[in-house]
Amino acid sequence: MTVRRGARGNKRSDLVTSHVEPTVAHYDSQAAQEKWQAFWEQDKTFEPLDDGSRERRYVLDMFPYPSGDLHMGHAEAYAMGDVVSRFLRLRGYDVMHPIGWDSFGLPAENAAIRANTHPAEWTYNNIETQARSFKRYGLSLDWSRRLHTSDEDYYRWTQWLFARFHERGLAYRKNSFVNWCPKDQTVLANEQVVDGRCERCGSDVTKRKLNQWYFKITDYAQQLLDDMTQLEGGWPDHVLAMQRNWIGRSEGAHVDFAVEGRETPIRVFTTRPDTLFGATFMVVAPDGPLAAELVTDEHRAAFEAYVEQTKRQTEIQRQSTENEKTGVPLGAFATNPVNGERVPIWAADYVLADYGTGAVMAVPAHDQRDLDFARKFGLPVRNVIDVDGTDPAETGIATSGDGTYLNSGPLDGLTDKAAGVARITEQLQADGNGVGTVQFRLRDWLLSRQRFWGCPIPVIHCADCGEVVVADEQLPVRLPDLRGSELAPKGTSPLAGATDWVNVECPKCGGPAQRDTDTMDTFVDSSWYFFRYCSPGYTEGPFNPDDVANWMPVAQYVGGVEHAILHLLYMRFFSKVLRDMGMVSFDEPMLKLLNQGQVINQGRAMSKSLGNGIDLGAQIDEFGVDAVRLTMIFAGPPEDDIDWAEVSPASSLKFLQRAFRLAHDVASKPEVDFADGDKALRHVTHKSIAEITQLVESGRFNVAVARTMELVNATRKAVDSGPGGADPAVREAVMFVAQALSLVAPYVAEEIWETLGLPPSVANSTWPTADETLLVEDSVTMVVQIQGKIRAKLEVPTDITEEAALELAMADAGVQRSLDGRSVVKVIARLPKMLSLVPGK
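To convert, note that position 789 of the sequence shown is 789 in UniProt numbering; the numbers rise steadily by one, no gaps.
Bear in mind the hints are in silico, worked out from the structure with no lab data behind them. Be aware that one or more of the hints could be misleading.
[Unchecked claim] Here are the in silico distance ranges between beta carbons for each label pair: (1) V776 with S607: 53 to 59 Å; (2) K679 with D640: 34 to 40 Å; (3) R132 with L225: 40 to 46 Å; (4) L225 with A605: 28 to 34 Å; (5) G511 with A241: 49 to 55 Å; (6) D640 with S250: 33 to 39 Å; (7) S607 with K490: 27 to 33 Å; (8) G484 with D643: 41 to 47 Å; (9) R262 with R197: 34 to 40 Å; (10) A605 with R132: 23 to 29 Å; (11) D227 with A430: 35 to 41 Å; (12) D615 with K417: 56 to 62 Å.
[Unchecked claim] The list that follows gives simulated cross-link-like pairs (lysine-lysine, DSS-like), each with its CA atoms no further than 30 Å apart: (13) K826 with K789; (14) K207 with K183; (15) K207 with K311; (16) K789 with K841; (17) K209 with K311; (18) K654 with K669; (19) K174 with K207.
Just so you know, even glycine gets a beta-carbon here, dropped at the ideal spot from N, CA and C.
When you get a sec, could you build the whole thing from the sequences and use the hints?
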């Protein structure tokens, strides 16, 4: 076991004096926290060398939003990432573990309105509060790379990236219906709508038609899907499944339905063109342009009322199979291309304008939503695949899957689905009525937000020149100084009221023009921040490609599963665009992903209304950082929820005190030869090294803590009843206890390391390698059974023979009592761990 003397050579801080044995071996958590925070800061312990002398590893936590001080969820998430960072550092890697803040967003703006201040005041005050707590929490963070997405030297490059996306045709505007919060007066993503209400304020969400900015993520749908093979084994399977489902690749066909009185047919997408003979009506999205065009004057009033009704529902509600089916006829008719039948066209809310073409062919016999709709409005149901011998028109239950085609013209009698799909697709293509195609559920990324505290969109609108992107040398487009009531929502962005800021000259023609008054979704900021960490302060671009090549992809990403879809999907999209721009060389930015669970209390999520909240600061004040961190890690696997009512930081503190006292029992000198130590204890230590190494590498942090506790117990036993504290094996064991504890309880680990007379810091030491010769078991516990019941447990050599094992067993008093004078007629040996005896009558 070797010791590195500081991150940059033989450096030792004056803050830590040489080892002095205290009169009372008691761990003072508060004093240790203050002492080692100061040392790490002065020593720059956790700043990477970044000089190529060691292999690099990048560990990243999803950066926090500065909504207040750190809470219990932060405590778990950042403790997990710190285990990985500290472990890799001890393994000899040059580790970058940066910190920053996702500091734009609506909560800051609403707080500024209430307090009549600028959002920056609330934001940066909270950042400083969190920064102090992060330092107190003992995280191995590189503070030299700190960033805030609301800083001008950050959002300048967010705007620069927007300009590059616009150049590539990946940023565009269009009119569309969006989720609108009437209280916060801004667009909401689908994921920000819960049970039809704004997740922030609880207001009922409505639909509103706006001209909005989008990123064309759909251009990368297939790549986003294909490249997930590179993440298998590194990302949780359920996260990959969620992303695949969100992207939603479907193979099928586009089918054209001629419309009476309309020159252009309606094109629909279907994965089952083989069921076209069962299409008895069509359904279009009520809020799409097609429905408004098709509706006849006779049906217009009812249709417009229905559109208003639809606006009050979210897309999730509209697509729910439990939602009662509603709709209105449009008075228009189309022709089924395979049989020439005249089919009515309806508007129904379960069809979405932005999915596919906004129109579907309804095959009610084989789609439950279509069947429910048909039964409610008396529309025909025709069974075209005999799946189970039943008729959906009679049972009310749509059938799906394979079967025998019927009522399907040339397909009748066929039982092969693939053949049926291929035959109909060929017929459609031959007749000019369709074509085989692939479609995705994924839709383009809506990034416009009608609020102030976000990155301004760097576009100027000119009546003559159209959209003009602000030149790179004029970036950043800075936010004007608005505060208090000036930020109050008015149905448009507060920026629209800053006329001096809005009204500008067109950069192209010099005529009157206006700045775009929307700001970007904060997901844009978080889609590239990890690149910026590689090049803090870089002024020639968002990052230095050489620095990114040195550090990325990220070795370990840590964060909540609530970001499993959008954030992770968006940052993957950004990375692929940057790759295509030649700025990065890889497909995927994060090699491994760790999702932590929630910290709950009494079986429920913590909330003020339930009165079950736990204050992190109070827990740290009472038990110390180390005990809280140890409790978090030991409570269970990282991905599981932690119920704080069922764990005990007090017990964790007792264990840490016990481990700390071991260091004061060590009587040997630092330069002692471990080979002279007690072999039994050395065996336990090296077995612990091997097991804990494997456990941390596989993410089983809680089990690694359990093994550390077992090593502490074994060492205590050796000190109290074995060779004593002067034995070199005791020093070796306690040294590894300090290193293992440094992953989860860094302050007490530093105290133990210092007490052992070793140079600071334990974070600068080298993780030991298990000695294979010491892992060989000299003895094992052999179980002796008689008629299936355990009668003795005997320590035996690993190479014991059956004859010797039987002799030992027969000499045991418990075995003799159980035999009660009977002879052994049969011996079943599974040596060295089990010996089973069968007695005679």
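Evaluated hints:
no. : hint                       : verdict
1   : V776 with S607: 53 to 59 Å : holds (54 Å)
2   : K679 with D640: 34 to 40 Å : holds (38 Å)
3   : R132 with L225: 40 to 46 Å : holds (43 Å)
4   : L225 with A605: 28 to 34 Å : holds (33 Å)
5   : G511 with A241: 49 to 55 Å : holds (53 Å)
6   : D640 with S250: 33 to 39 Å : holds (34 Å)
7   : S607 with K490: 27 to 33 Å : holds (32 Å)
8   : G484 with D643: 41 to 47 Å : holds (42 Å)
9   : R262 with R197: 34 to 40 Å : holds (39 Å)
10  : A605 with R132: 23 to 29 Å : holds (26 Å)
11  : D227 with A430: 35 to 41 Å : holds (36 Å)
12  : D615 with K417: 56 to 62 Å : holds (59 Å)
13  : K826 with K789             : holds (15 Å)
14  : K207 with K183             : holds (13 Å)
15  : K207 with K311             : holds (4 Å)
16  : K789 with K841             : holds (17 Å)
17  : K209 with K311             : holds (10 Å)
18  : K654 with K669             : holds (27 Å)
19  : K174 with K207             : holds (16 Å)
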